[in-house]
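Asks: Given the coordinates of chain A, assemble chains B, C and D onto it according to the supplied hints.
Read off the chains here:
Number of protein chains: 4
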Amino acid sequence: MDAWRTSIVDARDGHIRLRGYDVPALMTGRTFTDTIFLLHQSRLPSTAERALLDAVLTGVADHGSGAPSCATARLAISGNRQSISAAVAAGLLAVGDDHGGAGLGCMELIAEGVSLMKTEGLSIADAAARVVAQSRQAKRRLPGFGHRVHSTDPRTAILFGLAEQGGIAGDGVAFVNALEQAIASAVKPLPINIDGALAAVLHDMGFAPEFGRFVFLIGRVAGLTAEVAEELAREKPMRIRVPVEYDGVAPRDLE
Amino acid sequence: MDAWRTSIVDARDGHIRLRGYDVPALMTGRTFTDTIFLLHQSRLPSTAERALLDAVLTGVADHGSGAPSCATARLAISGNRQSISAAVAAGLLAVGDDHGGAGLGCMELIAEGVSLMKTEGLSIADAAARVVAQSRQAKRRLPGFGHRVHSTDPRTAILFGLAEQGGIAGDGVAFVNALEQAIASAVKPLPINIDGALAAVLHDMGFAPEFGRFVFLIGRVAGLTAEVAEELAREKPMRIRVPVEYDGVAPRDLE
Amino acid sequence: MDAWRTSIVDARDGHIRLRGYDVPALMTGRTFTDTIFLLHQSRLPSTAERALLDAVLTGVADHGSGAPSCATARLAISGNRQSISAAVAAGLLAVGDDHGGAGLGCMELIAEGVSLMKTEGLSIADAAARVVAQSRQAKRRLPGFGHRVHSTDPRTAILFGLAEQGGIAGDGVAFVNALEQAIASAVKPLPINIDGALAAVLHDMGFAPEFGRFVFLIGRVAGLTAEVAEELAREKPMRIRVPVEYDGVAPRDLE
Amino acid sequence: MDAWRTSIVDARDGHIRLRGYDVPALMTGRTFTDTIFLLHQSRLPSTAERALLDAVLTGVADHGSGAPSCATARLAISGNRQSISAAVAAGLLAVGDDHGGAGLGCMELIAEGVSLMKTEGLSIADAAARVVAQSRQAKRRLPGFGHRVHSTDPRTAILFGLAEQGGIAGDGVAFVNALEQAIASAVKPLPINIDGALAAVLHDMGFAPEFGRFVFLIGRVAGLTAEVAEELAREKPMRIRVPVEYDGVAPRDLE
Numbered sequence: 001m002d003a004w005r006t007s008i009v010d011a012r013d014g015h016i017r018l019r020g021y022d023v024p025a026l027m028t029g030r031t032f033t034d035t036i037f038l039l040h041q042s043r044l045p046s047t048a049e050r051a052l053l054d055a056v057l058t059g060v061a062d063h064g065s066g067a068p069s070c071a072t073a074r075l076a077i078s079g080n081r082q083s084i085s086a087a088v089a090a091g092l093l094a095v096g097d098d099h100g101g102a103g104l105g106c107m108e109l110i111a112e113g114v115s116l117m118k119t120e121g122l123s124i125a126d127a128a129a130r131v132v133a134q135s136r137q138a139k140r141r142l143p144g145f146g147h148r149v150h151s152t153d154p155r156t157a158i159l160f161g162l163a164e165q166g167g168i169a170g171d172g173v174a175f176v177n178a179l180e181q182a183i184a185s186a187v188k189p190l191p192i193n194i195d196g197a198l199a200a201v202l203h204d205m206g207f208a209p210e211f212g213r214f215v216f217l218i219g220r221v222a223g224l225t226a227e228v229a230e231e232l233a234r235e236k237p238m239r240i241r242v243p244v245e246y247d248g249v250a251p252r253d254l255e
Numbered sequence: 001m002d003a004w005r006t007s008i009v010d011a012r013d014g015h016i017r018l019r020g021y022d023v024p025a026l027m028t029g030r031t032f033t034d035t036i037f038l039l040h041q042s043r044l045p046s047t048a049e050r051a052l053l054d055a056v057l058t059g060v061a062d063h064g065s066g067a068p069s070c071a072t073a074r075l076a077i078s079g080n081r082q083s084i085s086a087a088v089a090a091g092l093l094a095v096g097d098d099h100g101g102a103g104l105g106c107m108e109l110i111a112e113g114v115s116l117m118k119t120e121g122l123s124i125a126d127a128a129a130r131v132v133a134q135s136r137q138a139k140r141r142l143p144g145f146g147h148r149v150h151s152t153d154p155r156t157a158i159l160f161g162l163a164e165q166g167g168i169a170g171d172g173v174a175f176v177n178a179l180e181q182a183i184a185s186a187v188k189p190l191p192i193n194i195d196g197a198l199a200a201v202l203h204d205m206g207f208a209p210e211f212g213r214f215v216f217l218i219g220r221v222a223g224l225t226a227e228v229a230e231e232l233a234r235e236k237p238m239r240i241r242v243p244v245e246y247d248g249v250a251p252r253d254l255e
Numbered sequence: 001m002d003a004w005r006t007s008i009v010d011a012r013d014g015h016i017r018l019r020g021y022d023v024p025a026l027m028t029g030r031t032f033t034d035t036i037f038l039l040h041q042s043r044l045p046s047t048a049e050r051a052l053l054d055a056v057l058t059g060v061a062d063h064g065s066g067a068p069s070c071a072t073a074r075l076a077i078s079g080n081r082q083s084i085s086a087a088v089a090a091g092l093l094a095v096g097d098d099h100g101g102a103g104l105g106c107m108e109l110i111a112e113g114v115s116l117m118k119t120e121g122l123s124i125a126d127a128a129a130r131v132v133a134q135s136r137q138a139k140r141r142l143p144g145f146g147h148r149v150h151s152t153d154p155r156t157a158i159l160f161g162l163a164e165q166g167g168i169a170g171d172g173v174a175f176v177n178a179l180e181q182a183i184a185s186a187v188k189p190l191p192i193n194i195d196g197a198l199a200a201v202l203h204d205m206g207f208a209p210e211f212g213r214f215v216f217l218i219g220r221v222a223g224l225t226a227e228v229a230e231e232l233a234r235e236k237p238m239r240i241r242v243p244v245e246y247d248g249v250a251p252r253d254l255e
Numbered sequence: 001m002d003a004w005r006t007s008i009v010d011a012r013d014g015h016i017r018l019r020g021y022d023v024p025a026l027m028t029g030r031t032f033t034d035t036i037f038l039l040h041q042s043r044l045p046s047t048a049e050r051a052l053l054d055a056v057l058t059g060v061a062d063h064g065s066g067a068p069s070c071a072t073a074r075l076a077i078s079g080n081r082q083s084i085s086a087a088v089a090a091g092l093l094a095v096g097d098d099h100g101g102a103g104l105g106c107m108e109l110i111a112e113g114v115s116l117m118k119t120e121g122l123s124i125a126d127a128a129a130r131v132v133a134q135s136r137q138a139k140r141r142l143p144g145f146g147h148r149v150h151s152t153d154p155r156t157a158i159l160f161g162l163a164e165q166g167g168i169a170g171d172g173v174a175f176v177n178a179l180e181q182a183i184a185s186a187v188k189p190l191p192i193n194i195d196g197a198l199a200a201v202l203h204d205m206g207f208a209p210e211f212g213r214f215v216f217l218i219g220r221v222a223g224l225t226a227e228v229a230e231e232l233a234r235e236k237p238m239r240i241r242v243p244v245e246y247d248g249v250a251p252r253d254l255e
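Residue numbers (this note's numbering), protein chains in the order written: chain A, 1 to 255; chain B, 1 to 255; chain C, 1 to 255; chain D, 1 to 255.
Honestly, the hints are just simulated from the structure, not real lab data. For clarity, every value in this text was computed on a predicted model and none was experimentally measured. Be a bit skeptical, because a hint or two may be false.
Same chains, same names: a pair is fine if it fits in one copy or spans any two.
Said to hold, decoys possible - Pairs of lysine to aspartate or glutamate, EDC-like flavour, derived with a Cα cap of 16 Å: (1) K139 <-> D22; (2) K188 <-> E164; (3) K118 <-> E180; (4) K139 <-> E210; (5) K118 <-> D171; (6) K236 <-> D98; (7) K236 <-> D97; (8) K118 <-> D13; (9) K188 <-> D253.
Same shape as in the complex, but just chain A:
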C-alpha cells in the first residue's frame, strides 16, 4: 500500500509537529483548546477565540447524565467492565442528528444564508426568511432552535456575550439572530439553543460546518469519561437491566 498523505502530524526528523508546530513547544506555551483549534484550522486562536472555544466545549461536556450518550456509555461499561475505551466509544455512537447533531445542521443553514446574501444580494432578514421558507417547504427541521426543557438556554447568552466582547461576532451571530426573528414570524417563537449558538460563533471563528459535530464529540468525551468512571466506582457489573413490557404475538407452537 502506498503511504497515506497527511497534513496533520509531521514526524520526519525525530520531531513530532502538529500543523508545523513542535509538540513540546505547544505543551508549554499553549492550552489543549489551542491544540484543538490548531488541528482544525491550521492556525492558533487569539485569546478571545480560545476563550470562546473553551466556553463551547464546556457547554457541551455533559448536560444530563440520563441523555442517550451518557446512558449508552454506562450500559456498555456495565456489561463490559474490562474495556474503558469501548464504553466511551459506545457513548459517542449515540451522537447523531437527533442528539448533539444540530450544530452541524445549523452551520449549514448559516453557510446557505450567507451565500444567499452574497450571490443574490439579499438583506440578512430576507435571506433568513428565505431559508426558513425553504426548510418548511422541504419539511426539514430548523436545527439550533427550540429546547425540550428551557424556554431560553442560558448558554446562548454566554456564547453571544463572549463573541461580542471579543470582537468575534459577525455573519454567524447576525444570521442566527435573523433566523430567530424569521422563525418567530413564520412559525412561533423558538429560542436559540446551545446548538444554534455554537454554530453561530464557530462560523464566525472560521470553522467548517462539520466542526459543529466534531466539537460536540470532543466536549462530550470529557463528560462520558466521568460517567464511566462513576459507574465503575459506584455500581456493580450488570446492575442495569431496562424493564420491558412485551406486546407482541402470543405464544405459539412450532409446527
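Replies: Below, chains B, C and D alone, put in the same frame as chain A:
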C-alpha cells in the same frame, strides 16, 4: 506498507474463496452456519455439528430486550438514527466478561481441566475439584454456572441432548458436568447455564476458547438488528431519557 | 422510567420466546438463519426462503481481508487486544453507504419502482427508465450496479437462480433486471452486483429496505470474527503502522 | 426502572451544574481543561495543575497519523462517510493496553510502590527495585518505559519540568524516576516515555489510575476528529484497500 498476510479470503484469480472454497459454491450447497464454522475451523461441519452450532447461535440471539447489549443499541439509535451500523456496534460494545462473556472463561477452565487430566494423570472428578479449589483461592468466579433468573436453564439440556445424539459430547461436556458436581460439593449447587453449556459443546467441536466470545457476538448481532429495527419503526427519536437522581455536592459558587 | 415496549422477546412466565416461539424449541427444530428471518419478519421462512437467506449471508460474510471493515477490525485489535467486542464493533463501524450499504439503497429503488407501477400504471420498463432518469437528474448513484473488480459478479447468478428455483422471484428480481436494461440504455452497461441481487431477493421475501443494511452486518460479523481471531493468533500487538507522508505546512516557531 | 444516581450533573431546578458549579459560570471564567479536571476530581485545578493537564492532553492528541487509532478512524470514515461519530468512535476502539494504555498501567505501578513504602517502610529505591523484580518474575511488562522510536521522549522532560516549576512533583515523579534507575540496573536503560511521565504527574495531581486511560481518550479524540476531517475533505470514499497476501489452504472443491 507491506501486504498483510491472511489465510481467510483468497481473491487471487478472479474467484473469491473462503478457506479454499469458492463462495458461489458455498452459497448453494451450504448454510450460513456452515460458513461460520468454516471461517473459524478451516473445515466444514458434519450435520450434527451444524445443528449444534445452529442451536448455540439461536440460544444467544436475544434473551431479553432490556439486557445491556440490547438497551445500548436502542439508546444509540435513539440519538443517532442516521447510522444503523453505529447502533448495532454500540450493542456489541456492551458485551464483555460480565455480559455474554462467560463462554470464553468457561472454555478456558475446560482447557485447564483437560490439561490437568493429561499432564498429572488426574481423574476427571479430581481435575474438576482442583480447578474449583484454585478458582476459589484466587477469588475468581466460575464462569458458566448459576443464573440470576432460572434455577435450571432449559437451553443447557437442549445443547447437551444434541451433543449426545450427534455423538459429539466428549471431554468438554464431561468436564463441565464434573465441575457442576465439584461446585455443589465445595460451595453450593449452581446450575450449568447457557455459557457453560455452549463452552462444553464448542470445546467438543474443536473450537478455541476465544470462539466462546465470538459466537456470542455472531448470535447476538441477529437480536440487535431486530431491536434496532423495532426502535426505528415504533419509536420517536430521543424518546429515551434515563431518569437520574443527583446526590453529589451541593450548588457552589466559583470564587 | 417506564418499561420499554417490545414485540421481540417474551420472558413473562419463565420461558424465553422470540416472536412467540419458545427458544429451546427453535434451538432443536430450526436453524440460526430461521431465527434471523423470524426476528425480522415475525414468521419462519419456507425451505426455499431459508436457502436463499443462507446464500445472501454467506455471500457477504467476507469478500476480501483488506476491505475497510476487515482492516478496521484488525487495526483495532492490534492496539487493544483485551477487547474482542471492541474490534468486531470497530469493523461494523466501517459499514455505511459506501461499503456494504448499497443493499438498502437498492431496496429503496425497488420500492419506488414498484410503487410507480401501481400508482401510475407504468410498465416495468417505463418505471425502471423513470427511476434511472430521476436518479441521474438528482445526481444520485444507482446502488446495486457496477463493480470495481468483476465485470459480472458470480454471486448474482447464484441468488437469482435460487430465487427462480424456489418460486420466490417476483417484483424485486424483475425490477432489478429492468433497471439493468434501463441503465444500459441510458448510461452504459453495468452488471447487477451482490448488493443489487440481494436487494432484489430480499424484497421478494418481504423484507423492509432497512434489512438490506442489517443483513450485511449479520453476515459480515462472521467474517470479522475470523479476521480478529487470525490477527490475535498470528500477529504481534501494534504490528500495524500505516505509512504516512506529510505534505502540510513547513515547520514553524511559536511566537 | 428506578432513577440512576449520579454525582456529576445536577439539573434539579432549571440550572445545569457540573459537580455543583453552574455551567454558564464555568463557561466564562474557566477553561475546558478545568472542566475535565473538575469532572474527574470534583475540584477545580490550580493554575499550575491546569497547565500540566493541558500539556498532557496536547502531548497525546496525535503522535502519528498512521497509528492504529488514527488509521482505524480513517478506514471507518472511508466506508461509512455518513457517520462522523462512528469513525471517531472506531478510532477510540483501537486504544487499549498496547496503544495508549500504558498510562493506566504505570499509575498502578506507582500506587503499588507508594503503598510498599508506607506499609513496609521501604526506601523509594528499594520499593522500585521490588516492583521491578515482581514484574519480571510475573513476566509483566513495565508500562511507561521504552519507546520504539525515541531514545528519549522530549515530552517527558516537558511534563517533569512543569511539575517541578509548579510545585506539583511528588511521590509520582520521584517513584517513576526511581523505577527508571531500577530498570537500568536490573535489565537495561529504558527511557521514561510519555505514558510513564503522564502517569507520574497525574498521580501527583491526585487522579485515580483509570484516569491514565481516560486522559488518553480525551486528548486523542482531538486528533481523531482532525484525521477524520482530513479524510473527508481530501480523499474519495473507499479509497483505502489494504493489500493482502493469501497464504492459506489451496483451492478445494465441495464434496
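Asks: Taking each numbered hint in turn, which are not upheld by the structure, reported in ascending numerical order?
Replies: Hints 1, 2, 3, 4, 8 and 9 are the ones this structure does not satisfy, whereas the remaining hints hold.
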